[in-house]
Structure formats: C-alpha cells, structure tokens
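Novice: Just so you know, the sequences run in chain order A and B.
Numbering-wise (the working numbering), the first sequence opens with residue 1118 and increments by one.
Numbering-wise (the working numbering), the second sequence opens with residue 14 and increments by one.
These aren't lab readings, by the way, just hints derived from the structure by calculation.
Take these hints with a grain of salt, some might be off.
Incomplete in silico selection of chain A near chain B, CB under 7 Å [as the list claims (entries may be wrong)]: (1) Gln1158; (2) Gly1159; (3) Phe1162; (4) Gln1165; (5) Glu1169; (6) Gln1173; (7) Phe1222; (8) Gly1223; (9) Pro1224; (10) Gly1225.
Ideal placement from N, C-alpha and C gives every residue a C-beta, glycine not left out.
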Amino acid sequence: DAGVTQSPTHLIKTRGQQVTLRCSPKSGHDTVSWYQQALGQGPQFIFQYYEEEERQRGNFPDRFSGHQFPNYSSELNVNALLLGDSALYLCASSSRRLAGGEKFFGPGTRLTVL
Amino acid sequence: QKEVEQDPGPLSVPEGAIVSLNCTYSNSAFQYFMWYRQYSRKGPELLMYTYSSGNKEDGRFTAQVDKSSKYISLFIRDSQPSDSATYLCAMRALRNDYKLSFGAGTTVTVRA
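Isolated chain A (complex conformation) (with noise of 0.2 Å):
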C-alpha cells in the first residue's frame, strides 16, 4: 500500500514564476491537508480539501490556492513566488471516516526561489 505521494521532490524558480506542487492522498483517504515548513521550523498549516472543497485556511495570501480531484489527488499552487516562499511543502492525508484522523504526511516537495 503506498503511503502519500509528492511530486516533484525538488523545484527551482525565480520570484514572480508560479508552480504547481502534486500529492496523491494514501490509499482509503478523502482528505488532503498542505502545510508549509521553513527551515529549522514547524509545518505551518496553509489549507485542507475536503470532497473537492477547500475546507479550511491557515494565514497564508490568495498567492496559495489548491484544487482536489474526484480520485482525492491534490495540488497546491502559487503565484508570484517571492524568495521568503522557498521552503518544505508537506502534503498530509486522512479520512474522516477513521477513528481519530490521524494525518500522514508525504516526503514533501523542497521548492527554492531565486
């Protein structure tokens, strides 16, 4: 059983460019979470998807938007990168029909801007 998916692994831009990051949920899940980790930091919560529905937001711009698909597959893009958006992007899954909803996070995608 694969566990959560990313793609790519790692991704370079310059600021202004806008990219497109992939996770595929683990097998069974409905729910996709994304999340933002700096260096030396702790993931930071940007948005959940939920039935094709962004469900909930963390304290991040309209620069970060997403989608989900009907086969629960996610994609986190943003817009206008500026160099301080060079971080870890995480893809966490879940289900809400599980006791507790534990979360499993992918490998992420390491995304640097220049």
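Dock chain B against the given chain A, drawing on the hints supplied.
Specialist: Structure of chain B alone, referenced to chain A:
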C-alpha cells in the same frame, strides 16, 4: 507568543539514555496531541497520538499529556542512534479539525 512552544535544542545524549522532550501550549481548546519524528529532508512520521490528558505507551515511547498545565511530553527509553532526528509536537482542537498546530521541533542526536 506562539500557540505551541517547543525547545529547539539541540539535545545530545549517549546511547541507552532516556530522551525527554516537551511542549507547552496556550490554546485550552486543544484535545488531540501528536508527536512526529522527522529525519533530515523527509516528511514527518507519526509516532504517538493521544486524546485528552493521560499517558500512552508504545514500545520505547511514552507520551504524557497534562491539560491542566497545558504541557505534553515524550519520553524515549533505551535511545538508539537511529532515534537521531527532529521531534515535532502537534495538536488540534477537534476530531475533524484538520489544522494541526506544530511546535518548532527539537533536534535530538543519540551518540553511539
């Protein structure tokens, strides 16, 4: 003031020692508490998951939650070099509240 405070360390201990990690928090609504282990350049891995106050043991790991003090702990017994990682505490208020609030993480090195 951050919602979740965690001493970033670093913490260095000899093999076989007990590792003690802790977090404090300010939001009294938090009910679900987790500890994650994160190896360098990897995603966090769920270690322990507890609900409300009390203790939970899983092999060499023990998690404690004291909601009255807003304080949680993780103990690692008989530590091994493979336990060298960053340990993150995380918490949330509701079962279906999928926003996790994380501490900054404590970096642990277990010396052989």
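Novice: Confirm or reject each hint.
Specialist: Results of checking the hints against the structure:
1. Gln1158: It holds, given that the least Cβ distance between glutamine 1158 of chain A and chain B is near 6 Å, below 7 Å.
2. Gly1159: Holds, about 3 Å.
3. Phe1162: holds (5 Å)
4. Gln1165: For glutamine 1165 of chain A, the interface hint holds, since the closest Cβ of chain B sits about 4 Å away, which is under 7 Å.
5. Glu1169: violated (15 Å)
6. Gln1173: holds (5 Å)
7. Phe1222: With a minimum Cβ separation of about 4 Å from chain B (threshold 7 Å), the hint on phenylalanine 1222 of chain A holds.
8. Gly1223: Hint holds; glycine 1223 of chain A Cβ to chain B Cβ min 5 Å, cut 7 Å.
9. Pro1224: holds (5 Å)
10. Gly1225: Interface hint status for glycine 1225 of chain A: holds (5 Å vs cutoff 7 Å).
Checked against the numbered hints given earlier, this structure breaks only hint 5.
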